[in-house]
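A.B. asks: Single-letter residue listing:
6 protein chains.
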Amino acid sequence: MITDAASKAAMLVEALPYIRRFRGQVVVVKYGGNALAGASNDQALSLFAEDIVLMRAVGLRPVVVHGGGPQISDLMARLGKKPEFRNGLRVTDAETVDLARMVLIGQVNPQLVAAINVHGPIAVGVSGEDAGLIRASARDPELGFVGDVSAINPTILQRLIDDEFVPVVATIGTDEHGQAYNINADTVAGAIAESLGAEKLVYLTDIEGLRSIVDDPASLIRQTTPDELDALMADGTIAGGMIPKVESCVHALRNGVRRAHILDGRIPHVLLLEIFTDDGIGTMVRDRLEQEST
Amino acid sequence: MITDAASKAAMLVEALPYIRRFRGQVVVVKYGGNALAGASNDQALSLFAEDIVLMRAVGLRPVVVHGGGPQISDLMARLGKKPEFRNGLRVTDAETVDLARMVLIGQVNPQLVAAINVHGPIAVGVSGEDAGLIRASARDPELGFVGDVSAINPTILQRLIDDEFVPVVATIGTDEHGQAYNINADTVAGAIAESLGAEKLVYLTDIEGLRSIVDDPASLIRQTTPDELDALMADGTIAGGMIPKVESCVHALRNGVRRAHILDGRIPHVLLLEIFTDDGIGTMVRDRLEQEST
Amino acid sequence: MITDAASKAAMLVEALPYIRRFRGQVVVVKYGGNALAGASNDQALSLFAEDIVLMRAVGLRPVVVHGGGPQISDLMARLGKKPEFRNGLRVTDAETVDLARMVLIGQVNPQLVAAINVHGPIAVGVSGEDAGLIRASARDPELGFVGDVSAINPTILQRLIDDEFVPVVATIGTDEHGQAYNINADTVAGAIAESLGAEKLVYLTDIEGLRSIVDDPASLIRQTTPDELDALMADGTIAGGMIPKVESCVHALRNGVRRAHILDGRIPHVLLLEIFTDDGIGTMVRDRLEQEST
Amino acid sequence: MITDAASKAAMLVEALPYIRRFRGQVVVVKYGGNALAGASNDQALSLFAEDIVLMRAVGLRPVVVHGGGPQISDLMARLGKKPEFRNGLRVTDAETVDLARMVLIGQVNPQLVAAINVHGPIAVGVSGEDAGLIRASARDPELGFVGDVSAINPTILQRLIDDEFVPVVATIGTDEHGQAYNINADTVAGAIAESLGAEKLVYLTDIEGLRSIVDDPASLIRQTTPDELDALMADGTIAGGMIPKVESCVHALRNGVRRAHILDGRIPHVLLLEIFTDDGIGTMVRDRLEQEST
Amino acid sequence: MITDAASKAAMLVEALPYIRRFRGQVVVVKYGGNALAGASNDQALSLFAEDIVLMRAVGLRPVVVHGGGPQISDLMARLGKKPEFRNGLRVTDAETVDLARMVLIGQVNPQLVAAINVHGPIAVGVSGEDAGLIRASARDPELGFVGDVSAINPTILQRLIDDEFVPVVATIGTDEHGQAYNINADTVAGAIAESLGAEKLVYLTDIEGLRSIVDDPASLIRQTTPDELDALMADGTIAGGMIPKVESCVHALRNGVRRAHILDGRIPHVLLLEIFTDDGIGTMVRDRLEQEST
Amino acid sequence: MITDAASKAAMLVEALPYIRRFRGQVVVVKYGGNALAGASNDQALSLFAEDIVLMRAVGLRPVVVHGGGPQISDLMARLGKKPEFRNGLRVTDAETVDLARMVLIGQVNPQLVAAINVHGPIAVGVSGEDAGLIRASARDPELGFVGDVSAINPTILQRLIDDEFVPVVATIGTDEHGQAYNINADTVAGAIAESLGAEKLVYLTDIEGLRSIVDDPASLIRQTTPDELDALMADGTIAGGMIPKVESCVHALRNGVRRAHILDGRIPHVLLLEIFTDDGIGTMVRDRLEQEST
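Residue numbers (this note's numbering), protein chains in the order written: chain A, 65 to 358; chain B, 65 to 358; chain C, 65 to 358; chain D, 65 to 358; chain E, 65 to 358; chain F, 65 to 358.
No lab work stands behind these hints, which were simulated from the structure alone.
Even for Gly, the Cβ is constructed at its ideal location relative to N, Cα and C.
Hints are supplied without guarantee of correctness; some may be wrong.
As the list claims (entries may be wrong) - One-sided and incomplete, this derived list gives chain A residues near chain E with beta-carbon spacing under 10 Å:
no. : residue
1   : S71
2   : A73
3   : M75
4   : L76
5   : R87
6   : A108
7   : L111
8   : A121
9   : V182
10  : H183
11  : E292
12  : D294
13  : M297
14  : R323
15  : T341
Turn these sequences into a full structure, and let the hints guide you.
C.D. replies: Written out as structure tokens, the structure is:
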């Protein structure tokens, strides 16, 4: 037992400098809708919830942002409504944005809140409509109610984290008339991280990180910088759904966020491992001039 | 113009004692799902939102609680799912409670929040799952996930009203395993009013108030007491959907709430009229021993 | 009744944007000694008190400043002392300044305080001697103890308004030896408005506002700017007792006060009408570059 | 010089335990109108002001209460109005109470405020009408507007002393209609001391203290108790204008005030000597059961 | 790596409920002088310091109390002074108490403070003389300046822990004349735990815990109660230097402390293991009526 | 008695302006080890303690800094260890710095704390190791553990004085590895005064002040400036142990401290005389441009 105990204690001691460094810091975590879509994902959600609760327990201030594309498509299918995409973006008519709102705020968000609150009354669901959190504008008339972020009013998030709650954000925004828009959750996560002066912006995805050669898992990029990422997007190495994540990382790093991470959400407790251990995981984006690790 | 101006000023002066009396007091307002269900109700919602914003502006602390029965039935119909009622209560299987949650939290709640926030970033949607607000237990195994209120944890509401926000509550509760339950919104409104030590509990309905003779509109009861209401329920004068409202009024009055009101939500600005003018409207419930009006 | 109720509600709704805009703002109101001098003015005082109480009740922070010339003359007459004026200013020997102090602090001020406090314990009389509020210096040796404002120390006013009291200021100042001086109340009102960063400075007078043609009531100036007022004083259109008011308005607007108003104090509830309704009343002075109304 | 210096230091060290004991404690000091009435009293007032400023500077919380009988009589005489007394109380018609108010609030009070504020902006004049401080009722219809204290609302005094000001109280009270009453200042001092839970209640008079034999200065009572004072009033040893002082001492001691003192205000710096030195001065009233001195 | 990472994450997750349960709670840890006496103990001290820092980092409020008997004896030996014991207590003359004070406050205490502060400026040395922390009285005239605890004034400790410092307490107390006394550190630890309403009182010793059979290591008592400990002291099973520890545990448990522990300080990170893992270690004392573990 | 009383009152009144001027200000007082070394110095210590307590009682914020050279030499002598000095600085090997630490923290510091706390629980001993107060670096490898001040972290001092305690500082500092260094107390006093923005820095010495002619007591310098002191050090007038004091005064005056004083600690209550009386004592250093005294 002593041996086992010793390794337990060693683990806690390994975590100590990270606990001290990140105490009181905001960490914005984007949790993908994919991760919640499958029936088999109940356990993954439960592990994720543990990570968030532990971060809060040791004094970090996590904020969760989520999307829900698969779930929106699923409800549309059940209602016999055919999704239509243009350049990878969902064409969103008035009925569709109502369905998106219902799914994001009324289905995905409560799932996350409930999973966290099994551990105690700390998570609070927030939509971009609450207290004017996300002000949106139409991206393109042809896309209907697909929105860009015009402004973030982080007051409600600041109050909730000051009161030691964990906000869980559904990414529906509104314009000045109260019209709802569906907004890309990767983009919202970056904008919220900036508005809160977050220490970290973390994307949980379903690949192990960014690659320098698209098809070669061995080409995982462990550390990179905004400038390198600009180049990788320019030459097409980074493409598709990874674009909004990477653009948000670059923008956030250039606007006060200290670190961004693209992690493999399929690894159990990947958040804890990234934040509290000496092991580097996934891809870390940091400003070129800094030297220290993590 | 002077004449008109004089009457404007007179109105403000009439409101003065009420503004002073109710400053800093909590008023819980139950807004019925019916009121939101019809397309023609956009204007009614807009007037209601003005009332809530004005109450907040002059220093009251309104909390809005809402249901959404018609909207739930509507979504079930669109999905080809047939509602089943037993003793007036919806039989709620696992799929139905998910739909109810989607509708209440993701459709009705954001409608109310958006209508209020046209005036400024003050409303915040809250579900009973947020920060453990509503702890629920099953009412009857045969009804499935229809819940009773086991406990209210008003912390999140207190923090939001201390921060000068207006909470808008969707009445989904959870048990200790995170399972969601659909709960009668009239009952929740009363329980929340008690937990916050509210000054007033107000039900906005679609009739003009309680009647002593069911079919006689002229028999409107202007003032009554918990004991009289017990008698009216015992002899069957009060029945049907009015029961949860009246039971909640009686319970709330006996547990610290000072006044309860059943008002006709179809009257424009009925909340303002009840709270800020000398005119009595609808039915007021008060403790027998008090003498003063309103 | 419903019709009447509807117009009541409409009035409150009309007031809503003003209540929200002015919440927490300081409004300095100069109440003239004339308004208090006559026996028939009890009712006017009572209406004025209601206006102040209502302003406070909905969250504004009113400060009242008053003079008392007629009352001083009256006491001097009773004591057989003949007032002597030079260039419109009362020659003030040692005995006269003692009488002025007695009248302003001991007669006019308590009248105003008592009228407000009928509604609750909120008004507090303050003289310029209290906590060093008004530091004065002699204007002209020939005039004796007629003072100019050397400095305002607004600490006592800030503390009182932070504690939700309504200060009522008698305009006696002192020099560094504790010698009292009588100071023009119009000038003090402007200086206090500046020192508090007031939103509004309001003069209640006994004419309907400024006129562009002195004898033509139809030439009422509804809106003007400091520059226009400078011109109107230079060409003699504005003259006599209106000078200190207009000079104070101009100075205050150029030192951080947002709006100044010259209103007809004979109109019942003129303060409420100006502040809380869409009706423009009297003369408003505002900075040239602003576009919005009120 | 060293010798002199040594005695200076010794004095400060002698004061140390008193400074520490009374830090943060409220001391209510009644300053008599007589003391202010004569022209030769300017210096006495100046010494009194120094005492109050020093008490405040070392952390005590002094509150000054004053009357002004001689000054009222003087103004009445100047106006050709003949004072009328019944059982030692001034018959006070409507005009007389207005004159009393003018004198107390507008003449005596500012004299005290100005004398203290020569040292810095710390004194604030307060009348019993301010913020509802003194609620009064008629003592006897035949006496007109001579009032008894119905209630003290000490809020304004507490706020001022919390903000480190020194309140100077003029003893005019009002009834619920805003009617002013003249109230005995000795009585008000005691009532205020009780309402503030004062450590000390001090009467500055023009005799050296209470005597056990009226005509024998050698019979000065150095220490006494409420019970002994009851007996001395019952047997007539204490009589006349000393009665309200002694009654107030007795009542205050029985309602939470720790010590009462009747001191000779003609001794320079008598307040400092009583409070900060080992020398006993005048008459001290204390509860019978206590043993320690001062 | 994933396997290793998984076990790291598992350890953190195992700690989660303990971190949440003990957040904000005071834990008083007695660190024995023996543990510091040997040259080989530098590493043990370093591990102990890590444990204290980690406890603080995750939100507990540790207070360290230490003795220093061996170090006192050592200095006495160097000065050629022969220790004298009576009933196991050191006879402490004036010179000896000065030496004890020098060693405890000036040698042992700074060693502990320095070891902790390698991790950041959080530890603050406190002696029982600081701010009147430990009021002492002589235990027995024959023993000289060996003291009992008369009273604990925990103000300085509360302020330091509120300011997020870790107090390290040297157990010298004083009487009302400022005379120093040497006091048993086990006793002081218990008295401080009571005065702070500590959650836990922990003794780090050099055996594995209490035994029911003195010579049988296999008879380790894992859990016990105050009543059982009373019996074990009465029958002599517990004796010698363990008595003050056990008496303090019993007294503390009966005065508001929730748990007491006697742990083997030779096990690396024994504090972390006891507090943050599911493994039971050493002897835990708890109130008989409780059922839950740890 | 009156005469005596009058002079007592006069003394308090003389102190009044100083009490008001210095309220809330930090005064750092260096108390020399010499002053404590002799047996006959108990009374001097007691007078010094009274001065500190009085300063605190009237609202100043004293911080005491002390050395202890004679006491260190004394312990070394008792242990048969021969002090070795190089250029007036003690060569400090590992054992010597441990002894110095023991003496300063464990002997001299508690003596001062105990003398002050006879008057109440206000003094708290602090070493430079506590909460990282003094970061030190080696002055010269040949001197061993003699340190220079690298940085002051005044957090612990600010917290203690905000909590109304009187810190008493022992001048042991540490480097980043936790190694202790002995540091000149005169230098530390100046550095702490700067870091706290002190109003005054006071050195209590055993001569009457600085002299312009070394051997002529009549050449006492009553007032001087940093520039003049630079010149006096350059020409050798100031030399020996006075150098660190004078250098610290000069540096402190040029970094925000308002006044420095070199006083004769043998004069009873010299601190009170300097701070609270009109008498000038010792040498005052002030910035050249200022005119006012004290």
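A.B. asks: Each hint needs a verdict: does it hold in this structure or not?
C.D. replies: Against the structure, the hints:
Interface hint status for S71/A: upheld, as the beta-carbon distance to the closest one in chain E is roughly 8 Å, under 10 Å. About 3 Å separates the beta-carbon of A73/A from the nearest beta-carbon of chain E, less than 10 Å, and the hint is met. Because the closest C-beta pair between M75/A and chain E is about 4 Å apart, less than 10 Å, the hint holds. With a least beta-carbon distance of about 5 Å to chain E, the hint placing L76/A at the interface is held under the 10 Å criterion.
The closest approach between the C-beta of R87/A and any C-beta of chain E is roughly 7 Å, which is under the 10 Å cut-off, so the hint is satisfied. With a least beta-carbon distance of about 13 Å to chain E, the hint placing A108/A at the interface is violated under the 10 Å criterion. Checking L111/A against chain E: minimum C-beta separation of about 8 Å stays under 10 Å; hint holds. Taken as an interface hint, A121/A checks out: its beta carbon lies about 5 Å from the nearest beta carbon of chain E, inside 10 Å.
Annotation: interface hint on V182/A violated; nearest CB of chain E at approximately 12 Å, more than 10 Å. Restraint check, H183/A versus chain E: the minimum CB separation of about 8 Å is within 10 Å; hint holds. For E292/A, the shortest C-beta to C-beta distance to chain E is roughly 25 Å, which exceeds 10 Å, and the interface hint is violated. Annotation: interface hint on D294/A violated; nearest CB of chain E at approximately 31 Å, more than 10 Å.
Among the interface hints, the one on M297/A is violated; its C-beta lies about 30 Å from the nearest C-beta in chain E, farther than the 10 Å criterion. Checking R323/A against chain E: minimum C-beta separation of about 19 Å lies over 10 Å; hint violated. A cut of 10 Å between beta carbons decides the hint on T341/A: the least distance to chain E is about 5 Å, and the hint holds.
Hints 6, 9, 11, 12, 13, 14 from the list above are not met by this structure, while the remaining hints are.
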